[in-house]
Amino acid sequence: MKSVSINRMSIRFGAITVLPEVTFDVAAGECFGLVGESGSGKSTILRCASMLTDSWTGDALIGGKSVREMGSDERCRALQMVFQDPYGSLHPRHSVRTVLSEPLKIHNIGDREDRMAQALRDVGLPADFIDRYPHQLSGGQRQRVAIARALILEPDVLFLDEPTSALDVSVQAEIINLLMRLREEKGFTYVMVSHDLAVIDHMCDRFAVMKSGDIVEILPREAIAGNQATAAYARELIGASLTYDRAV
Amino acid sequence: MTDATPGPKARPARLQSLTALRNIMVFLFKTPTSAFAMVVLAILVLVALFAPWVATHNPYMQDLQNTLSPPSGAHYFGTDELGRDIFSRLVYGTRITLTIIFLVTITVGPLGLIVGAVAGYRGGKTDIVLMRVTDIFLSFPSLILSLAFVAALGPSLNNAIIAISLTAWPPIARLARAETLTFRKADYIAAARLQGASTTRILWKSIMPMCLPSVVIRLTLNMATVILTAAGLGFLGLGAQPPMPEWGAMIATGRRFMIDSWWLVTFPGVAILTVSLAFNLLGDGLRDALDPKQMMKR
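Keeping their order, the protein sequence lines are chains A and B.
Oh and the first sequence: position 211 is 211 in the working numbering, straight run, nothing missing.
Oh and the second sequence: position 185 is 185 in the working numbering, straight run, nothing missing.
Hints are computed from structural coordinates only; laboratory data are not their basis.
It cannot be assumed that every hint is accurate.
[What the hints assert, rightly or not] Covered stretches of chain A (in silico footprint by chain B; criterion: 3 or more residues with CB under 8 Å from a CB of chain B, positions within the stretch not fixed):
# : region
1 : 69 to 78
2 : 85 to 92
3 : 101 to 114
All C-beta atoms, glycine included, are put in the ideal place defined by N, C-alpha and C.
Starting from the given sequences, assemble the full structure and let the hints guide the process.
What follows is the structure, given as structure tokens:
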């Protein structure tokens, strides 16, 4: 288990400042949510912290060590990411076997067959799915494969970039239960981006409300039900979400 | 597991590529135009392989008693101005045509693919440099550029092949770059980077397989142009040298006798037409056949 701490992270694309300066800490084994409207910089935080984007300033520490100082190998084993769209995050011409064995080959890890079988078992897919291609899988199955890919290097921290928003409600529940079970079994630290406060309520211990790159307020899960947010924007967001849930 | 869709049992990887190959073949033979192309090209390859058995005469043997004789039982396509059997010369010419196509394709395909994929994926300065070089090559008319190369290197078949290769790679590079640009920001590339894959590995394992189908299609369509350029160079006396039975060169020498002896230019012309057409039709067929859903169906 490793903690995550984002320290004065800031990035601009051209004239637009996407993240003015973001700071937050996630304890080891915690599930931390990031909510906010579209374009508020939630996913950008994850992309920066995982070094997919490297033109940012500030620092991101995993288990007390800066992601910039880690070598590529060490960083890959420390953190992995699950993407939003399971239709876009699996290579259309790679079979599940290729998807799962590539990371093992890159990192020279042995007994690949066993590890691949274990990863498929972990995400609740039958072992004979190993030779399937993405177009032979349903959306939920694809997302399970994407999670298996993130698990196979045995990272400590998982970044979840709206892992359920592209899925049907019933499949969403399955994936959320899968993620919660994995956290119990393997003790991951999660940083999860979501639009859906119900998902945050179900999974996260604490969450940050973001607006145009700034963290407006960091709240515990319990604050959702009674809308105990103090900042006006956070109260508005939670209020809107609660009204919506009642309407549905 | 509630979302396990019932499906056929997955097969081992090697069998799957066989399935893919079979699906492509079945698809090509089901479409009339590409079936025609496949048949023509199969005949072309077989004729080239078994040229000594197919040919009725020695393609180089002159018979000055029997020049410019019209098609007959003894000479199916007649004889040329030196009494050589045109049918046999066409048959041996298939070997030259196939050599040109093969060598140009294995040079141009990888070169264009690598240049395009690297430019598209790396972006920035690499992209600018590689694409400006490509633009320079593209800005010359390809036949003129080939002419210049052959003029500089000296006329011969090998130099013609080099010249054609030098002019044929830029469109492939452009195509590969355009393809790469459409998915370089895709999540599966980001995932590969997160797994620690090096740039070379991403290019090789993730990007090139995505570019390959369109590059293969483009190469196949290009083969028709290659044949025509080779024939054009041969016609201008800059490609294959006499007495090699290259189709373009045969038309060039036959041109002088065209009015009286139509068979000198007609048969090589028809051969060039048929083979170019076949490659074009095959390219069209491959475009549909290489669709991943079509390819992997069982």
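Q) Counting residues of the region 101 to 114 of chain A that have a beta-carbon nearer than 8 Å to any beta-carbon of chain B, does the count reach 3? A) Holds: 4 residues of the region 101 to 114 of chain A have a Cβ under 8 Å from chain B.
Q. Count the residues of the region 69 to 78 of chain A with a beta-carbon closer than 8 Å to any beta-carbon of chain B: does the count reach three?
A. Coverage by chain B holds for the region 69 to 78 of chain A (4 residues, Cβ < 8 Å).
Q) If you look at each residue in the region 85 to 92 of chain A, do at least three have a Cβ nearer than 8 Å to any Cβ of chain B? A) n = 6 at 8 Å, threshold three: holds.
Hint violations for this structure: none, all hints satisfied.
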